[in-house]
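Undergrad: Count along the sequence shown from 1, then add 1; that gives the number in this note's numbering.
By construction, these hints were calculated from the structure, which means they are not laboratory data.
Worth double-checking, as some hints may not be accurate.
Cβ pair distances, simulated, as ranges [claimed, not checked]:
| # | residue 1 | residue 2 | range |
| --- | --- | --- | --- |
| 1 | Thr-194 | Ser-168 | 26 to 34 Å |
| 2 | Pro-128 | Lys-33 | 56 to 64 Å |
| 3 | Asn-190 | Tyr-74 | 29 to 37 Å |
| 4 | Asn-190 | Ala-31 | 26 to 34 Å |
| 5 | Gly-44 | Asn-135 | 41 to 49 Å |
| 6 | Asn-119 | Leu-65 | 31 to 39 Å |
Ideal Cβ positions, reconstructed from N, Cα and C, are used throughout, including at glycine.
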Amino acid sequence: MPKSTTTGEVAGPFVEVQTKLYIHLPPCFANKPIEGIHEQLNGFLMRYMPQVDGVVLAHSDLKLLQTSGRIMYDSPYCHFWISVKLLVWRPVKGSTLYGTINLQSPDHIGLLLYGTFNASIPSEFIPKDKYVFNPNKSYSGSDSANSDPDSPLMGTSLLNGEWVHKSTDESIGHDGVIEFEVSELVRTNDMLTVTGSLMKVPVMTRRPSMLPKR
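Generate coordinates for the entire structure from the input sequences, incorporating the hints supplied.
TA: Shown next as structure tokens:
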């Protein structure tokens, strides 16, 4: 497999990667190869790609590395190499991320990252000396926050109660946003699953206004 080169960090877990791909172009794109290549590249979007070890978000700077392709045996497909730059979401184990709480239960806290990716903090990674699950507590945020479609609190499920600070009984996180450490990354079936932990994260976290810009 050709090596991929990280060209630079865009922000946090987002990186740009320069890589080579071996294209198998269907005969219907014989007269419009660029269109066919873009269609194949679009098929990688929002999927985990082992070659770049992350979820592909966008592609650019397409270059053909051969002046002609190969048609082998009785296959009508044309085979050739290309170079392309990919924008990749590549969280790192041990790094710190921020997520919007969208589900709470005694077993875990469900999070939405960057409005797109899912993450989960299992109860075994929530320090019981700092937090406790209160099955009878419901969120008491302002009406404006709950009605604002841009608020991080929209879509938060508190049907089964919520996790609270043990000493103050206040809701976990700040205004529905929580800081956590990436403890595990599971890569399978074109998907990247993030498991988080609060074991090493201070109780007092930064407010959403201080979150890293996307």
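Undergrad: Work down the list of hints and note, for each, if the structure agrees.
TA: Right, here's what the structure says about each hint:
For the hinted restraint 26 to 34 Å between Thr-194 and Ser-168, the CB-CB distance of approximately 32 Å keeps it satisfied. At roughly 57 Å, the beta-carbon separation of Pro-128 and Lys-33 lies within the given 56 to 64 Å, and the hint holds. Remark: the range hint 29 to 37 Å for Asn-190 to Tyr-74 is upheld by a beta-carbon distance near 30 Å. A hinted range of 26 to 34 Å holds for the C-beta pair Asn-190 and Ala-31, which are about 32 Å apart.
With their beta carbons about 45 Å apart, Gly-44 and Asn-135 fall inside the hinted range of 41 to 49 Å. At about 37 Å, the CB distance of Asn-119 to Leu-65 agrees with the hint of 31 to 39 Å.
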